[in-house]
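Chains A and B, in that order, give the protein sequences. So the first sequence is numbered by my numbering: it starts at 1 and just counts up by one. So the second sequence is numbered by my numbering: it starts at 1001 and just counts up by one.
Warning: the hint list may mix true and false statements.
Unchecked claim - Among chain A residues calculated to face chain B with C-beta under 8 Å, some are:
{"no.": "1", "residue": "Gly28"}
{"no.": "2", "residue": "Asn30"}
{"no.": "3", "residue": "Gly40"}
{"no.": "4", "residue": "Phe45"}
{"no.": "5", "residue": "Gly58"}
{"no.": "6", "residue": "Pro61"}
{"no.": "7", "residue": "Ser65"}
{"no.": "8", "residue": "Ser86"}
{"no.": "9", "residue": "Leu90"}
{"no.": "10", "residue": "Leu95"}
{"no.": "11", "residue": "Glu100"}
Rather than coming from a laboratory, the hints here were simulated on the basis of the structure. C-beta: ideal position from N, C-alpha, C; glycine also.
What follows is the residue order along each chain.
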Amino acid sequence: ETGVTQSPTHLIKTRGQQVTLRCSSQSGHNTVSWYQQALGQGPQFIFQYYREEENGRGNFPPRFSGLQFPNYSSELNVNALELDDSALYLCASSLETGSELAFFGQGTRLTVV
Amino acid sequence: SQKIEQNSEALNIQEGKTATLTCNYTNYSPAYLQWYRQDPGRGPVFLLLIRENEKEKRKERLKVTFDTTLKQSLFHITASQPADSATYLCAVRGPTGRRALTFGSGTRLQVQP
């Protein structure tokens, strides 16, 4: 186990709704990254948070937003859900923003209907 | 733009044989490359990291090679076991500075008893 926990594990939402996914990083890690993994694909980088600030973003629209809290846990928010947002959402924590290693949680499976 | 390519076809081998998976990258010269294992519905688990100045890295039954001229990494599992059945992902840091991991789409390995 990596010590990175995500909640919930599964979620079903309706198109147009909003969703919040949560991640607790490994103890001592101040950097959290979020990835989206569609079926049969590799994880795609959404954004990274370092010490409560967004610290890099992939090719995702503004309706994907996040937060990082003083204890370094993090949230991913997605507004105006679309069917294509159905995916496994992964959180990864790292000791520092430039760390070589990232430790992944078990993911949240989001289904948009 | 940077591309990481893995054989999308599943690899089926007999127990006890050596599995060899390929990762090719283009338009980029990563300082290091990582391999992850992912089981269905779970987050990726880090296996090995190999740097650009290392030709080969080993860990128990796993071996990774890194050829910066061919822009290719090979991942070997010797004496394979049914428990090795999973999807294997390769990843490099970038292109968003050092913040994001860029993954290949993964190769599914099935080891038959």
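Hints versus structure:
{"no.": "1", "hint": "Gly28", "verdict": "17 Å, violated"}
{"no.": "2", "hint": "Asn30", "verdict": "13 Å, violated"}
{"no.": "3", "hint": "Gly40", "verdict": "7 Å, holds"}
{"no.": "4", "hint": "Phe45", "verdict": "4 Å, holds"}
{"no.": "5", "hint": "Gly58", "verdict": "6 Å, holds"}
{"no.": "6", "hint": "Pro61", "verdict": "16 Å, violated"}
{"no.": "7", "hint": "Ser65", "verdict": "17 Å, violated"}
{"no.": "8", "hint": "Ser86", "verdict": "14 Å, violated"}
{"no.": "9", "hint": "Leu90", "verdict": "5 Å, holds"}
{"no.": "10", "hint": "Leu95", "verdict": "13 Å, violated"}
{"no.": "11", "hint": "Glu100", "verdict": "6 Å, holds"}
The structure fails to meet hints 1, 2, 6, 7, 8 and 10 from the earlier list, while all remaining hints are met.
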